[in-house]
Each structure stands twice: as C-alpha cells, then as structure tokens.
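J.: Protein chains in written order, with our numbering: chain F, 1 to 431; chain S, 1 to 140.
Read the hints as simulated data drawn from the structure, not as lab findings. Ideal Cβ positions, reconstructed from N, Cα and C, are used throughout, including at glycine. Among the hints, a few may not be true.
[What the hints assert, rightly or not] Looking from chain F toward chain S, a few residues come up when the C-beta cut is under 8 Å (computed):
| no. | residue |
| --- | --- |
| 1 | P29 |
| 2 | L31 |
| 3 | S32 |
| 4 | H366 |
| 5 | H368 |
| 6 | D369 |
| 7 | Q372 |
| 8 | A399 |
| 9 | I427 |
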Amino acid sequence: MATAKSENSAMKVASDSTLDVERIRADFPILSMVLHAREDRPGVPLVYLDNAATTQRPRQVIQSIVDTYEQHYANVHRGIHWLSDQSTDLYEEARGKVQAFINAQAREEVIFTHGTTESINLVARGWGDKFVQPGDEILLTEMEHHANIVPWQQLAERSGAVIRFLPITDDGQLALDALDQLLTPRTRLVAVTAISNVLGTINPLEVIVARARAVEALVLVDAAQSVPHQKTDVQALGADFLVFSGHKMLGPTGVGVLYGRRELLDAMSPFMGGGSMIRRVTTAGFEPAELPAKFEAGTPPIVPAIGLGAAIDYLNQIGIDAIHEHEMRLCRRAHEALGSIAGLRFLGPAPEHKSGIVSFTLAGVHAHDIAQLLDRHGIAVRAGHHCAMPLHKRLGINASSRASFYFYNTPAEVEQLARAIDDIKRIFRRK
Amino acid sequence: MPLEEDELYQQRILDHYEEPFHRGKCPAMTHSHEDENPLCGDVVRVELAIAPDGLIREAYFEGDGCCISQASASMLIEQINGKRVADVRDFSAQDMLDLFGAKLTPNRQKCCLLCWRALQSAVYSPVSTAARGADGNGQE
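Please build the complete structure, drawing on both the sequences and the hints.
T.: Here is the structure:
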C-alpha cells in the first residue's frame, strides 16, 4: 500500500512538472518587494534573476533559523546539558539530510564547511599537500570559477605540480576531444564544474569520471551550480569529491559541504587544527578525530547547517526534477525572447545543453550599464566577469551580463527582462 | 518609465560615451599610465604629450568599460588637454566627481575615478623612447 502510494506521487511529479509558482512565491517574503518607490511614483516589483550568485529563502528556512535560536541553541558535541543535545541532534540530522539528498553512502562522508570555496581549499590542503608531488598534473577546465582555479594554483606553487586546462569549444562546451591528450599518467586530479556559473553548460561528468579513472586520477566536482538545480547522486556519478554551498540552494550563508569518498577522507590530513577535530592533544602533539569531526575544527556553522537541512526539506517537497524542468523551460523561453534582440550575443551553448543560466553581451552597451539600467526596472542580474576571468578572456570579452533562474521565477519575468533590454537599447545609440 | 528621468544616463554623459574626446593614441606621447578596476575589469590608459615646461600639449585616452568609466575619461581628458601638470595635481577626486555631475553610489564612484587615477600617475610616468617604439604594449 505504502509502495503504491509513493509510486503515485512520484508519477505525479514526473507527468505534471508544472510548478504552482504563485503558491511557491508566497513562501518567499523578499519576492514580493517593491523597489525604487518615491512620493511621486510607485515602485517596481523585484524581479530576482541573480540566483547563480545566491538564492532567496522561503519562510520555512527562515523559521527554522528562528526556532533554533529561540528553542534549541547551544554548542554541539560539547555539553552534557539538554540544550547541547538538542542542538547536536539537529546539526547531525541536517548532515543526514545532505547525505540523502546527494545519495552519499555514509554520513561520515559529508563534511560541513563554510562554503564551496572552503571545501575546495580543504581538499587542496588536506589531500594535495599530502599526496601531490613535483611534476604531478592537475587538470582544470577553461570554464572554472576562480574558486576552482586559485586553490590549485596555490597547491602548484607549494608542491611543484603542473596545472593544465581542458579547453572549451566556441559554443561553450568542454572540448572532450582534447581530454585524452591532457590526461596523462601524471594526472592526479581533475577538478571540474558540473555546471558553468557563466555559460550554464551542463558538463558530461560521466565521461570525465570514466576517462579520469582510466589514468587513475581523482575527480573533484564543483557542484555549486548543480546540486540546487538537478538531481545529484554521488555514488552513481562515482565522483571522489563533490562540493557545494548552502546559500545557492535556499539555505543560509556560511555553510557548505564537502562530500568525499571515505577512504580518501580517512587518508587525508586535517585542514585546520583546533577544537572538535582532535581525539587527544598532549604537549607533544595531537591525534585527529574520526570523520567527519576530523575536518570540522572549531565551532561549526551550527544554525546555517540546520537551515540548510530545512532548505533540503523544502526542495524535496517541490521535487528536484520538477525544479530542473521548470528552469529548462525558463531558459528556452529566455533564448526565444532575448534571441530576437539585435546585437545580443548569448554566451554558451544552445538551451538543451544548459541549465537556467543565460549570459549575454549587448553590442555597444557595457554589462555594468545593462545591470544598472535593468535595476531601474527592478530586475536584478549580475554583471562583470562572474569570478571567471580565464573564461572571459577565452571568449574575448571583459564582462558579461547574467540572468540566472530558480524555480520561483516565472515566464512573465523572462518577458520583462527582454522588454527591459529593448528599452535599454533605446537609450544608447540614439544618434 | 523610470528611465527617462535617469540622471546617470543623461544626454551629456551619453554624448561623451558615444562620441568621446581624444579617444586613441597620442602621436607625440611622452607620458603614459594604464589603470584598471580589478573588481569589474574596466581599463583606462592615459597618454600625454608633456612639454619640458610642464604644459600638457595633448592628452588622449583609450579604454574599455562601462558608460561611467569611459564618459568620465572623455570629460577629464577634455578638461586637462592644454593645461599644466600642476593643474592636474590640483585637480582632486572631488573635482572629478563634480565634473562628472551625476550622483554616484560609492561603487560607481570607482568607475568615475578610474581615469582620474590613471592621469594622476601618468604625469609622473615618462615613457622611454625604446618603449614608445615597441608597439602593442597596451594589451595584456
């Protein structure tokens, strides 16, 4: 009976992926904001299209933060007292929610960090400093975020390793033809983004993992732009490390996740030293604690982690596949609506290879001016190099504008974006 | 539409952006400096022909960036063309913001002051004859 019921609801999601966006939006207090109102004129409603930078939070997540501080808060893994038990239970429950959400084999494989950046630095230090030798190679791609470049460059400086870059094609996909030549017996690690934060390209991770395996290289997946938007199964994927942030998936800032295969995490050195991460300290030295505490020195982001757990509950209730479907629709709609604007050039591949990230340039108008003028319409987009300077150099541009969607965005907002860009064009090149 | 009343994108500023004053290479360049805003990647390069007596015979700029960074560069270069090095030194950041005119948030003030910063360094940055001969040094 129970099986039939769960099959039913799963089928419902699969067949009817149209989200009730209006009902969803009512859960997000900030989305009903009106901007730029003055005595002499009404404001404009917020159109929030900067979700690749950070998402907004529903009441349920905000309430979980309030509830924790008001009723359950103390330090974790420390006290004998009742509140500390409460807090510890909630914190560990959140770890369990993350484990289930990405299908990790064990909860010890889920390390709470302060964000994607810290997660990558943790691997570069804890694994890289211990195992990478001079002349070893680390393979990145031209579409990486600075957070997945600089820690490896720093590791290369410390270790004498060599950094290589897998090129991209002109339409913003990984040039897989070059992969076999760049993967060598010296390649120790391939660090690759699951979804480009600029191009929106969904990368073929299965292919990369399989080929990396063939030369016995490890694979770290920067999943900051994918975990919030599409199904993640670390076991099916076979990734060695996978990292993401809470604030890009409805959670609070200040919490992120490092997933690592247990034997790798066991073999690594601790990243930061301090409380929690030790089993025993003497004047002569220390013994590190078991996983996951080994990598969680100091008081962890307790409340942000619990908030992330609430965010995962919310995402599960909506359904990650329905979220992905909805964003793909918005992306197609954006390509249709913006594609007819003269002088507008999309960065990245066709919509079928993309997530809900649409970056573009507009001839004669700098990205910052576009962002500033869109703001007058209440539309929030990102402008600049989006922490991906090597990618922009490869594309031959200094800056771009990026609209990035989440499941609470609507086709009407996409149309508004297109109309506003048209309006901006009237301001420039009027001669 | 709120855009019509937009002080930032008023006609005077757009005119400088779309038809800048002395955008290009300075033929008799003696001094030059390039500066960039690392946050957004906007670049401005100032090229000057300064006479031994401190007269700025000719001032030019090149650059890439937003309307504010490029329009403010055009305004500033027009302002100091034919003036003296001492006038540049006396021209404060506040003078630059006043010259630009439109009100700017602190973030966008950096865009407006980009050329001003490059100019303040350029008057102290003589270019050697050898460097002047070698072309293509403007691009990284």
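J.: Now look at each hint and say whether the structure bears it out.
T.: Each hint, compared with the structure:
no.: 1; hint: P29; in the structure: violated, 24 Å
no.: 2; hint: L31; in the structure: violated, 20 Å
no.: 3; hint: S32; in the structure: violated, 19 Å
no.: 4; hint: H366; in the structure: holds, 4 Å
no.: 5; hint: H368; in the structure: holds, 4 Å
no.: 6; hint: D369; in the structure: holds, 5 Å
no.: 7; hint: Q372; in the structure: holds, 7 Å
no.: 8; hint: A399; in the structure: holds, 6 Å
no.: 9; hint: I427; in the structure: holds, 5 Å
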